[in-house]
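Colleague: Chain by chain, the residues run as shown.
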Amino acid sequence: MAEISLHGVTKTFGKTEVIHPTDVTIDDGEFVVMVGPSGCGKSTLLRMIAGLETTTSGEVRIAGKRVNEVEPKDRNIAMVFQNYALYPHMSVYDNMAYGLKIRKLAKDDIEKRVQRAAKILELGPYLQRKPRELSGGQRQRVAMGRAIVREPAAFLFDEPLSNLDAKLRVQMRLEIQKLHRELRTTSVYVTHDQVEAMTLANRMIVINAGVVEQIGAPLEVYDNPASLFVAGFIGSPSMNFMPGRRAGDGVDVGEGLVIPLPPEARAGAREQVTVGVRPEHFVAGAGGGGPVFRLHVDTVESLGADSLLHAGFNGTLLVVRIEGHSTPKAGTALDVSILPGKAYFFDTATGKRLSA
Amino acid sequence: MVENRPYRDFFAHAVLITGVLLVAFPLWVTFVASTLTFDQIVTVPMPLWPGDHFFENYKQVLTAGSEKGSSAPVGTMLVNSLIMALSIAIGKISISILSAFAIVYFRFPGRSFFFWSVFVTLMLPVEVRIIPTFKVAADLGILDSHVGLAMPLIASATATFLFRQFFMTIPDELAEAARIDGAGPIRFFIDVVLPLSKTHMAALFVILFIYGWNQYLWPLLITASESMYTVVIGIKRMIAGGDASNEWHLIMATAMLALMPPALVVVLMQKWFVKGLVETEK
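Order-wise, the sequence lines are chains W and R.
The first sequence begins at 1 in the working numbering and counts up by one.
The second sequence begins at 1 in the working numbering and counts up by one.
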């Protein structure tokens, strides 16, 4: 077990800087999820921790020791890949034992470790099979088994569930959670799926275009997004944004509606302000207090427990989540208001949250 | 075709049987001729049913060669051919798999230059470079030897290219997983790349063995003494002059012997061969 820390780490390919200077500390035993859209650099960051990618500048430390020049095999980490990367010609047992054999561990020690991992992952009956005879979920379990037997200081997961179907993904997500509870090994998990990030993480690191936008516990990030990007990326369906302009102590979002700015946001607010509201923070009628929006319902998606309304307001399409059985029809008008304190204000130019 | 109609079956079989007969008939004639005496062969028409000189003829060519043409025993020639074909096949596979491994898995200066220069040699078959090659072989003092027979033909752009293409389909993550597992390049090559290439190696072995076995021009140039003849050259040397002075029964027996090993290789390795050509599983 170990703490992993990045100090001013950057990565450039040719002239493009794919990772801007990044400082992150991952505590011992913590489960950290790096989340961001494809191509944001999260995998590159993970591969730099693993040692598969060199760092252009800055320092990577594992357990307090600088590892920039250390080969992956000597960093005491184990990695789980998106496409499993199992050795196709080896049995499940040999796949897990391979790294240990190279380390020249005693035969009975290898046997003990593999059996233990197989028991944790319920792979016992499959030990003599080849990877191609296993299902996707089982293969991913073997890949995790290969990581577990190493008893590494840290697990690195590179989008491990992306190749699985939706149902298996949910199941494996729970298993990874359980696994981490049992082993308490420091884990870094990369994904583009914000649901995985929300459910698995102790803390999550939201990355966009090579820049760390926000680090925090999932709910903290959800409740207090630091920027437009984070607000839009975390949460499903994503937050609604309305362009507006400063009007005294409020923001004019069009159609004569002025949403009052909370006192702490007033100082930083410039001319252009974007107002963000999550779909679930609208209530029908004037119940929320504050201004009432008259929306023109465009499409209705009934999900059972609740419904998503896609409704136009002043030229933008808003998504509103309301209770499932009081659904208005498409084409009608609907009055909604925002729950108190649930409007978020961002500087349109910088994308930064005001006041937060 | 999913439909099943009797006349179609008949037609399909007729085409196939005709094809088989066309290919097999000359072989049959060769075999029959190798069991007859000289006099029986030159009678018109030649019998199309095997005679009773099978053992006699084969024993004669295997141990003593022909009487009028070359008198080198075909047994020695078969051994020479075998040595040549095996060294070419094995040599080509081992050199090309190593060079493909280097080209795909290592980043070194001039990597693509080396790949392309290997690739360009695809355009230069033995015949084009035969005189300079002969000169080099002569300077190296390997004329008229097994080394001289095999070595100049051992580099293979085709096989390098095939292995390169195959290696590029192996996911990068596999190499990375091996790196994290602690396997160095050589471990990775032996433990992962070689086992995965098995079927490809088998398919290439079949092709290259036959290529080596059938070499004609190069052995013709480089061999001088009869003890170095390959069996393909042997057949040529037995045909000494005019039609009547050739011992066709012995020549045909040699021809039969010459085609057995490649046929055996194909038959025995057929399963692997097909697998290597069609397998896509990684």
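Calculated directly from the structure, the hints in this document are not laboratory data.
Glycine included, every Cβ here is placed at the ideal spot set by N, Cα and C.
Errors might be hidden in some of the hints.
Said to hold, decoys possible - Taking lysine-lysine and the DSS-like style, the derived pairs with C-alpha atoms no more than 27 Å apart in a straight line are: (1) Lys198(R) - Lys271(R); (2) Lys130(W) - Lys236(R); (3) Lys119(W) - Lys167(W); (4) Lys65(W) - Lys119(W); (5) Lys178(W) - Lys130(W); (6) Lys275(R) - Lys101(W); (7) Lys119(W) - Lys101(W); (8) Lys101(W) - Lys167(W); (9) Lys107(W) - Lys65(W); (10) Lys130(W) - Lys59(R); (11) Lys130(W) - Lys271(R); (12) Lys101(W) - Lys112(W).
Stated by the list, open to error - If you want the footprint, here are the derived chain R segments under chain W, 3+ residues with CB under 8 Å: (13) 102-110; (14) 216-227.
Colleague: Could you run down the list of hints and mark each one as holding or not?
Modeller: Here is what the structure says about each hint:
Between lysine 198(R) and lysine 271(R) the CA atoms are separated by roughly 12 Å; this keeps the pair inside 27 Å, and the hint holds. With a CA separation close to 52 Å, the supplied pair lysine 130(W) and lysine 236(R) exceeds the 27 Å bound. For the suggested pair lysine 119(W) and lysine 167(W), the alpha carbons sit about 23 Å apart, so the restraint of at most 27 Å is met. Taking the CA atoms of lysine 65(W) and lysine 119(W), the gap is about 33 Å. The hint is violated against a cut of 27 Å.
Of the pairs offered as hints, the one joining lysine 178(W) and lysine 130(W) holds, with about 26 Å between alpha carbons and a cut-off of 27 Å not exceeded. The suggested pairing of lysine 275(R) with lysine 101(W) is violated, with an alpha-carbon distance near 30 Å, which exceeds 27 Å. With a C-alpha separation of about 20 Å, the suggested pairing of lysine 119(W) with lysine 101(W) holds against the 27 Å cut-off. Pair hint lysine 101(W) plus lysine 167(W) does not hold up; C-alpha atoms about 35 Å apart against a cutoff of 27 Å.
Note on lysine 107(W) and lysine 65(W): the hinted pairing is violated, with a Cα-Cα distance of about 31 Å set against a maximum of 27 Å. The suggested pairing of lysine 130(W) with lysine 59(R) is violated, with an alpha-carbon distance near 51 Å, which exceeds 27 Å. Only pairs whose Cα atoms come within 27 Å are accepted, and lysine 130(W) paired with lysine 271(R) is accepted, the gap being roughly 21 Å. This hinted pair checks out: lysine 101(W) and lysine 112(W) have alpha carbons roughly 13 Å apart, not beyond 27 Å.
A count of 0 residues in the segment 102-110 of chain R with a Cβ less than 8 Å from any Cβ of chain W is obtained; the coverage claim is therefore unmet, three being the minimum. Beta-carbon proximity to chain W at under 8 Å applies to 0 residues in the segment 216-227 of chain R; the threshold of 3 is not reached and the given coverage is violated.
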